[in-house]
Amino acid sequence: ELARKQTPLLKSDVQNAASVLLLEHIHTLFEQPEAVELSGEAGPKALRMAEDIMASRFGEALSISMIARNVGVSQRALQLAFKRYREITPRERLNRIRLSEARNRLISSNDGESVSNIALECGFAHLGRFAETYRNAYGEAPSQTLRNARSAER
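Taken in order, the sequence shown gives residues 1168 to 1321; the numbers are from the numbering used here.
Just so you know, these hints were derived from the structure itself, not from any lab.
Note that the coordinates shown come from a computational prediction; the quantities given were computed from them, not determined experimentally.
The C-beta atom is built at its ideal place from N, Cα and C for all residues, glycine as well.
A few of these clues could be false.
[As the list claims (entries may be wrong)] Listed next, with one range per pair, are the computed distances between beta-carbon atoms:
#, residue 1, residue 2, range
1, Ser1310, Arg1251, 30 to 40 Å
2, Arg1296, Ser1232, 18 to 28 Å
3, Ala1316, Ala1228, 22 to 32 Å
4, Tyr1252, Ser1230, 12 to 22 Å
5, Tyr1252, Glu1280, 18 to 28 Å
6, Arg1251, Ala1319, 18 to 28 Å
Use the sequences and the hints to build the structure in full.
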């Protein structure tokens, strides 16, 4: 019934909308052609793109599936690429980036900053887990790093 009631103007609008959608789809297909190799696996370029996202958005609640979607590969392909080229999982890489940033901020913090605030700003939602992971990585509690940095300033 709608097809019979279409005016030339409505028909033109529908055709324009369809053309725009088709062009947008084609654009996204060719936006990042080197992220996926011919075999369908995520290659080194996809890995670098994922690490760039992690480094620029470490403070956000990032999921590996969201990162994979932004890169244009499947989550499994991204996991396999990290195992192949970095010998770690994407989650481990993201946590290392976050830990490194947290340590840098603890070392260069102002008097008003707390370990909790720095951890939250670096994407750690669970403070106890952050403290444990930090201690395992750096051999001291984050509060000790903060105290040492503040005493060195004085």
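Worksheet item: What hints, given by number in increasing order, does this structure fail?
Response: Going through the list in order, the structure violates hints 5 and 6 and respects the others.
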